[in-house]
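Chemist: Residue numbers (the working numbering), protein chains in the order written: chain A, 1 to 340; chain B, 1001 to 1421.
Keep in mind the hints are simulated off the structure, nothing from the lab. Take these hints with a grain of salt, some might be off.
[Said to hold, decoys possible] Straight-line Cα separation of at most 30 Å, DSSO-like style, residue types lysine-lysine; simulated pairs:
hint, chain 1, residue 1, chain 2, residue 2
1, B, 1303, B, 1267
2, A, 184, B, 1267
3, A, 306, A, 229
4, A, 298, A, 229
5, B, 1107, A, 306
6, B, 1303, A, 147
7, A, 147, B, 1191
8, B, 1352, B, 1405
9, A, 163, B, 1191
10, A, 108, B, 1191
11, A, 195, A, 51
[To be verified] Rough simulated footprint, nothing fancy, chain A against chain B, three-plus residues with beta-carbon under 8 Å:
hint, region
12, 1117-1128
13, 1163-1171
14, 1205-1216
15, 1229-1237
[As the list claims (entries may be wrong)] Only part of the chain A face toward chain B is listed, based on derived beta-carbon distances under 8 Å:
hint, residue
16, 139
17, 157
18, 160
19, 310
20, 313
Glycine is no exception: its CB is placed at the ideal position from the N, C-alpha and C atoms.
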Amino acid sequence: MTTRYLAKYPFSREAKVFLQEYGGNLDQIIKENPNLIQTVKERVSSALIGKTFENQGKTFADFLSYPLALAVVNFLNDPLLKAKFAVSESKKLYMTLLSEVNEENIVKLARETFNMDLIRRETVGGKGQTSGVTYYLTVEDYLKYSKRFKEPTWRLINRYLRKGFVEVYRRELIRIICEALKEKIMDKKIKVNLKGELREAALDLKKELERFRESKATWMKGRKGAEGKPPCIEDLMNKIKRNYDLSHVERLVVATYLLNTGYSVEETITVFSSLPDFDEEKTRYQVEHLGGLRGSKKKYSAPNCKTMQTYGLCKRNETCEGVNHPLQYRYRKRKEKKSR
Amino acid sequence: MKERETLFAKKIFSKYYRQRKNEIKHPERVNMREFGFTFFGREGMHRHVAFSSLEEFRGFLEMNSPSNSMYSSAYFENPENREMNRKKWLSADLIFDIDADHLPGVKEDRTTTWSCRKCGERGIGEKIKCPSCESIEIDKVKWPNKESLRNARKVAEKLIFDFLIEDFGVEEEEILIKFSGQRGYHIHVHKEKTLKLTQEERREIINYLKGQGWSYEKWFEKREGKIIGPGIYDAGWRGRVAKGFIRLLIHAKEKLGKELNFLSPRKIEELKKKRKEILRNLSRETGIWSNREINLSKTQIMKIVQHIIEENTCQIDEAVTLDIKRLIRTPNTLHGKTGFIAKTIELENLRKFEPLNKAILNYDFNVKIKTRVIPKMEIGKESFGPFENEEVEVPVYLALLAVLKGGADLIGDHRNPFKDP
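Next up, chain A with everything else stripped away, as it sits in the complex (with noise of 0.2 Å):
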């Protein structure tokens, strides 16, 4: 194994091997790697604010601030850091994994890091085709993985689905790979301990989290419209409280909502700014275009119950009654305090 490989894929079934055997003690790869400690500082930190942390991946340092970042993030076991590490890693493989030239690897990771099925089969083009290679997942593990991509192309009746399995692309695949990342991030729970100066980067870490946090936290007192919301748009709403990773449709409803219930383009940047995956630049794009304010110039309106269904997101219970658009309750709301 490279250290090159190692460096581009610190999570890999190989790099754990790896490691198990490399044993070594903590005191002593921190010693041979100066720089080690302020690169895993640098890993962490970038993820908190939603950059993509640059590395060349190269070395055994660029190799070993992974795990380390890793502890770190588990040693503090703050579901924020954690969400935005998991988001910020897997972004970062998917543009290591684009521009991997050996298709050999990104098989590999599939089976053998992630347990996937995979079958991989070579298309010989025809007349007028081009030939290429297709990925055919069982439709297990391509509902785990996909699941939180709400965009019609990866819902399961636009696919080919035969015998159990389903037909993926190089770059859906490359996805797929990027969300397992972000999800055995996130779900594991195992508690670290650290000494020396790991603990010491990880306390200053931590004080940076909360100053992050003091920074976004003031929109969520008190807002205009708190009562009054339909039960999906306050399950979406829980859910960036909480920090979840929200899928580009759950965004897309709760903006329009929040656009077309008096909220301003700033005020609904600003709600999603505690996003894990935050990006300023790519959200006001996005939010200024359902606002209206670029391209067609055409305010969008929220998706009304019946598209919140095929989407998954409806929450409907017994206060949604005679309520068939999630803009529509609030009225509905008012109008029963007035008539009570």
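Since the structure of chain A is provided, determine the placement of chain B on it from the hints.
Modeler: The following block gives chain B in isolation, referenced to the frame of chain A:
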């Protein structure tokens, strides 16, 4: 149900469990399941019961003859714990419930009875209010009927053959089929990999079965003035829709206009005339849905596809599939509202399975009953009724059904229905 009737039902259930308990071979991994029971003459459900072995479970059935016996589709670490989160959910079978009540277009006017709580009037038919006193407080009883059960069975066949086996790759031995004991079928999938599916993942399977979320842009593209889309060899829903379109053109020759009533009569004529070309166009690797000869617009294609999808969906009860902690009837136990056996069915026998012949308790004696209102029924290869306030002697399964549904009382002494030693 009055005391005498309760006792009668209990005796019959007891006999069944005494004689045939060895036919009860499910659930697999008994020790990880939660059980729930109801008993004759007792209110409510007795839950959080666990057994260490199938033998112990059978013994319980024999001892107690429950009126309903349910078990969890889920596997728990501590199934007997009364608190849900302490049970420790491990995984769950993937289950589908097909109930005649959820199927569209079934008329049950002749197999439903009603009785008015206000004036006591009764009759046959699906009524919303009492025809004599106009009260809306009426009780409805649905009686088993062949037609509805046949419809439900057809959905079960579609689900198993077209979707579970063909699309999802489930093997025959990973599927358990059973008659629900009343109005439908339960399909259990206990494939190792699917057991772990979360609710969210099961939701996507439901969406798939219900044909939700298809996207024109993903299915069709414009190329050189043609609209290219699904062909009959395509996997999944695409192939199903291409085949469905062809079937529609072949079988619904006269009714095509009715089926595709959103198209103009001229378009319908055109489709009929060019049937062969369409067949050829769709029998390729990628189907051609519109070209110079057969011109269909995006809107027209969308409507056709939507129509075919709706024709081919599986009408399952979503809530059952989605609920990974639900209790469901134990295979080959008796249903307390009908006295029918929730019989397991081999896949090869499904196509000709008639629950009203195969899932009834056929003890060889008759019972005298005084009926209220019972609709005409075909059961046990015989035809009975309709009965209205009559004294009749009927086979035990019908007497049991009538008593359990509250449609009749017993006449005479039935404390010991089985006179033989």
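Chemist: Now look at each hint and say whether the structure bears it out.
Modeler: Now the hints, each set against the structure:
1. B:1303 <-> B:1267: holds (13 Å)
2. A:184 <-> B:1267: violated (54 Å)
3. A:306 <-> A:229: holds (17 Å)
4. A:298 <-> A:229: holds (24 Å)
5. B:1107 <-> A:306: Judged against 30 Å, a Cα distance of about 28 Å means the pair holds.
6. B:1303 <-> A:147: holds (27 Å)
7. A:147 <-> B:1191: Given that 30 Å is the threshold and the Cα spacing comes to 20 Å, the pair holds.
8. B:1352 <-> B:1405: holds (27 Å)
9. A:163 <-> B:1191: Holds, at roughly 13 Å.
10. A:108 <-> B:1191: OK: residue 108 (chain A) and residue 1191 (chain B) at ~25 Å, within 30 Å.
11. A:195 <-> A:51: Holds, at roughly 27 Å.
12. 1117-1128: violated (count 0)
13. 1163-1171: holds (count 5)
14. 1205-1216: n = 8 at 8 Å, threshold three: holds.
15. 1229-1237: holds (count 4)
16. 139: holds (6 Å)
17. 157: Holds, about 5 Å.
18. 160: holds (4 Å)
19. 310: OK, holds: residue 310 (chain A) within 8 Å of chain B, min 5 Å.
20. 313: violated (10 Å)
Going through the hint list in order, the structure does not satisfy hints 2, 12 and 20.
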